[in-house]
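Asker: Given next are the chains, with one letter for each unit.
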Amino acid sequence: MNLAWRDVQHGLGRFILTCVGLSLLLGVVMGMVGIYRGLVAEALGLVRSAGADAWVVEAGKRGPFAESSRLPRDTRDAIAVHAGVAAAGAVVYQTVEFPYRGTNLRVFIVGAQIGRPGSEVAIEEGRPILKSRTEVVADRKTGLALGERIRIGRDDFTVVGLTANATSSGGDPVLMMTLRDAQIVQWQFDPSAVRRETARDAPAGGSSDLVSAIIVRMRPDASSDGVIGSIARWKHLTAMTAAQQEEILTRSVIERARRQLGLFAVILLVVSTVVIGLIVYTMTMDKKKAIATLKLIGAPDRVIVSLILQQALAMGLVGFAIGATLIRLAKDYFPRRVVLETSDTAILLGIIVMVCLIASIFGVRSALKIDPASALGG
Amino acid sequence: MMASPRPIVAPRPVVEIARLSKTFGTGATKVPALIDIDLTIGTGEVVGLIGPSGSGKSTLLNCIGCITEPDAGTIRLDGRAIFDGKWLIGDLRRLRLETIGFIFQFHNLLPFLSAWENVAIVRTLMGESPERAKARAMELLGYLQVDHRADALPSKLSGGEAQRVAIARALANEPRIILADEPTAALDSERAAIVIDLMKQVATERDAAVIVVTHDEKIFSRLDRMVHLRDGRIVEVVS
Chain F
1 MNLAWRDVQH
11 GLGRFILTCV
21 GLSLLLGVVM
31 GMVGIYRGLV
41 AEALGLVRSA
51 GADAWVVEAG
61 KRGPFAESSR
71 LPRDTRDAIA
81 VHAGVAAAGA
91 VVYQTVEFPY
101 RGTNLRVFIV
111 GAQIGRPGSE
121 VAIEEGRPIL
131 KSRTEVVADR
141 KTGLALGERI
151 RIGRDDFTVV
161 GLTANATSSG
171 GDPVLMMTLR
181 DAQIVQWQFD
191 PSAVRRETAR
201 DAPAGGSSDL
211 VSAIIVRMRP
221 DASSDGVIGS
231 IARWKHLTAM
241 TAAQQEEILT
251 RSVIERARRQ
261 LGLFAVILLV
271 VSTVVIGLIV
281 YTMTMDKKKA
291 IATLKLIGAP
301 DRVIVSLILQ
311 QALAMGLVGF
321 AIGATLIRLA
331 KDYFPRRVVL
341 ETSDTAILLG
351 IIVMVCLIAS
361 IFGVRSALKI
371 DPASALGG
Chain R
1001 MMASPRPIVA
1011 PRPVVEIARL
1021 SKTFGTGATK
1031 VPALIDIDLT
1041 IGTGEVVGLI
1051 GPSGSGKSTL
1061 LNCIGCITEP
1071 DAGTIRLDGR
1081 AIFDGKWLIG
1091 DLRRLRLETI
1101 GFIFQFHNLL
1111 PFLSAWENVA
1121 IVRTLMGESP
1131 ERAKARAMEL
1141 LGYLQVDHRA
1151 DALPSKLSGG
1161 EAQRVAIARA
1171 LANEPRIILA
1181 DEPTAALDSE
1191 RAAIVIDLMK
1201 QVATERDAAV
1211 IVVTHDEKIF
1221 SRLDRMVHLR
1231 DGRIVEVVS
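In order, the protein sequence lines correspond to chains F and R.
For the first sequence, this note's numbering assigns the number 1 to the initial residue and increments by one for each residue that follows.
For the second sequence, this note's numbering assigns the number 1001 to the initial residue and increments by one for each residue that follows.
Looking at chain R on its own, in the form it has when it is part of the complex:
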């Protein structure tokens, strides 16, 4: 399912972060994880969060994913401010369900569900009927060219197939933001390139922003922007 040529438009901001700070621990064990982070990511962009361990990449991803509440600053997702004191945990979970798609390092497919069920569960959780959810799941698996493995359990899928199914699941809720945590760490160069290109295609075709936490240098060249973090601060942004 390839998209037809689209008119060039300026990216609309999907993730807007301003003066974001987060500190873990108290007193002597106090560790600043994020310090005054400012970042805006628009539709169609694939942005990499890069940095050594402990630089704050995962904390930033967790804050954007409505998992970790920052101490200061603001986050706006698709125009909506989160962590402004008005959101309950259930509301944030609902926001994740409707707005964000997650892709994990080890695909994290539910081991007891088949490939299509792993995708359909997202639609089911959104309240869609099982029939429609299955139809949508099959459509996405077809889009990612893995529909022939729809009935297979994750344990029967190859690494590449499982990652495609995981991407299909991340797209199932038609997200505005896709957060990917080391999505290519377990893949070889060829498969890693395919996955990143796939995410780029998804971002372009579906007006989504993709944020990738990665150490994987072989995919750096395929990212639209690389945000380097060190000691909780953005030290460099490379386009």
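This is chain F alone, in the form it adopts within the complex:
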């Protein structure tokens, strides 16, 4: 007969309620980890989907994601013929908001040259951009529908394709268009602004044939370091590998958010430990008379310790299972992406087991201190 199980059965409703309460706490911990993973996935998704071997940006900059970068578009032509380069494509990145269904829709515009690196995208529904103007591919998170027409700036665009999980490091859904369209959106001034600039005898916006970065694919036999070094030396540009770009993103763009979320997760785990500890302690104190009786009739300490540990572990594991289920059911309703990785779940499970064992210490200590003589008398 398992004393822990029998005691749980005896107070099943209370045990389940405790587990549900705990599961909400553990669900938030899992959510925090999932949000962090989502942050990384969102931040790196765009970089990885570009399939770049190297990124070329404005000299002295760490763009195009960590900071702004501007290059003349024809830089691409010079890079494309550089030794060791197989293909190159110019891209423009910018965040815009435009009126949509009575509110403002915030998107991350990716302008790329059709058929060149940076323009490939995994279409879930519809087709890729074929026309050189006024077609866009939107991420599902924009809420845009296939065939829907939207107005950005002075132009109308038609949604011809839909993607999934294409977002910027800030979590804004991606709206993909041709490079030229993106440049127009970026540089096309409002008529009143044009009039003002004309009045002060300044060309409105200066040169508009600028891009954010050049995405480079190398020949299989080319040396990555050689090509990057050569571009930096001879073209007076900054070039970096895809790995370096990812590192910049993770270290600069999402580092603070990562630490913030990590700290929250640690605080919540400490809170969980305290909560489990208090619950275990209370459960132990509720059984004070039963424990004293067990000791009096000769039950060894291991029976009593095992009773407390098994209940603490059962509570932690059931709470964890409910929490994991809840967060899996709720993850798609979060405004930012939540990525629940099996490895994180396994690590968290291990941590919860440790937390339960640590939290049981006070309960076990108090149980071992219970005087068997207290079972005698009233």
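Simulated from the structure, these hints should not be mistaken for laboratory data.
Note that the structure is predicted; figures quoted are calculated from it, not measured.
Every residue, glycine too, gets a C-beta built ideally from N, C-alpha and C.
Take the hints with a grain of salt, since some may be wrong.
Derived list of chain F stretches under chain R, where covered just means 3 residues or more per stretch with a C-beta under 8 angstroms from a C-beta of chain R [unchecked claim]:
#1 7-16
#2 292-299
#3 364-376
Computed cross-link-like contacts, BS3-like style, restricted to lysine-lysine with a CA-CA straight-line distance of at most 25 angstroms [claimed, not checked]:
#4 Lys61/F <-> Lys141/F
#5 Lys1218/R <-> Lys1200/R
#6 Lys1030/R <-> Lys288/F
#7 Lys1156/R <-> Lys1134/R
#8 Lys289/F <-> Lys369/F
#9 Lys1156/R <-> Lys369/F
#10 Lys1134/R <-> Lys289/F
#11 Lys331/F <-> Lys141/F
#12 Lys141/F <-> Lys131/F
#13 Lys369/F <-> Lys1030/R
#14 Lys289/F <-> Lys1156/R
Chain R side only, calculated, beta carbon under 8 angstroms to chain F, not exhaustive [claimed, not checked]:
#15 Thr1023
#16 Phe1024
#17 Asn1062
#18 Ile1067
#19 Thr1068
#20 Leu1097
#21 Phe1104
#22 Asn1108
#23 Phe1112
#24 Ile1121
#25 Leu1125
#26 Pro1130
#27 Arg1132
#28 Asp1181
Based on these hints, arrange chain R on the given structure of chain F.
Answerer: Below, chain R alone, put in the same frame as chain F:
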């Protein structure tokens, strides 16, 4: 399960106490709880420890039950000297498990176990298989005529039924000594008499010694001996 007539034999000592003393506190708060207690209790005997509050009854019961270590004197349980410096807490607990049965004022059944499980747990703790432990528990519940309530939780048992189950648990380890702390305090006269007679029957049939701490005058006449304590000393022994 009534015993067949047995030959009359002299009681064999099960509890032998010599010059036992126990003091609580130190300095100004020093309180002598037991002073030079000498007592021998044999098999088949039901002995009552009687006295006012603070007379040392519970301390004496705790010393015999291997719970409280005396300051001086000796205690021999079933021929074995305890508290002689060779016993660890775990050993004493094992000795309790194998030698002593406890009966409490409020039965102290584990609330999350059924009646038969409350009895069987003792056998399980002794290392017996669950099946054998259950069989033994059912046998004891039958002996105490409460086997029809075997599956009931303690909260569903009447006071008398719960006390019978508690007695069954006290007998589960086939103890040489049964220590009962106010076992009839929560029972009416009729049920109190039944419980004491039951303990007497158990003591006789199973060669056990029963020590009862009680204030309950209605059971005095049913005890074999009454040991009166006052201020930690035995002041009178009435047979």
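Asker: Indicate, hint by hint, whether the structure satisfies it.
Answerer: Tested hints:
no. : hint                    : result
1   : 7-16                    : holds (count 4)
2   : 292-299                 : holds (count 7)
3   : 364-376                 : holds (count 5)
4   : Lys61/F <-> Lys141/F    : violated, 30 angstroms
5   : Lys1218/R <-> Lys1200/R : holds, 15 angstroms
6   : Lys1030/R <-> Lys288/F  : violated, 28 angstroms
7   : Lys1156/R <-> Lys1134/R : holds, 20 angstroms
8   : Lys289/F <-> Lys369/F   : holds, 12 angstroms
9   : Lys1156/R <-> Lys369/F  : violated, 31 angstroms
10  : Lys1134/R <-> Lys289/F  : holds, 24 angstroms
11  : Lys331/F <-> Lys141/F   : holds, 14 angstroms
12  : Lys141/F <-> Lys131/F   : holds, 24 angstroms
13  : Lys369/F <-> Lys1030/R  : holds, 23 angstroms
14  : Lys289/F <-> Lys1156/R  : holds, 19 angstroms
15  : Thr1023                 : violated, 16 angstroms
16  : Phe1024                 : violated, 12 angstroms
17  : Asn1062                 : holds, 5 angstroms
18  : Ile1067                 : holds, 5 angstroms
19  : Thr1068                 : holds, 7 angstroms
20  : Leu1097                 : holds, 3 angstroms
21  : Phe1104                 : holds, 6 angstroms
22  : Asn1108                 : holds, 5 angstroms
23  : Phe1112                 : holds, 4 angstroms
24  : Ile1121                 : holds, 7 angstroms
25  : Leu1125                 : holds, 5 angstroms
26  : Pro1130                 : holds, 6 angstroms
27  : Arg1132                 : violated, 13 angstroms
28  : Asp1181                 : holds, 5 angstroms
Hint violations for this structure: numbers 4, 6, 9, 15, 16, 27, all remaining hints satisfied.
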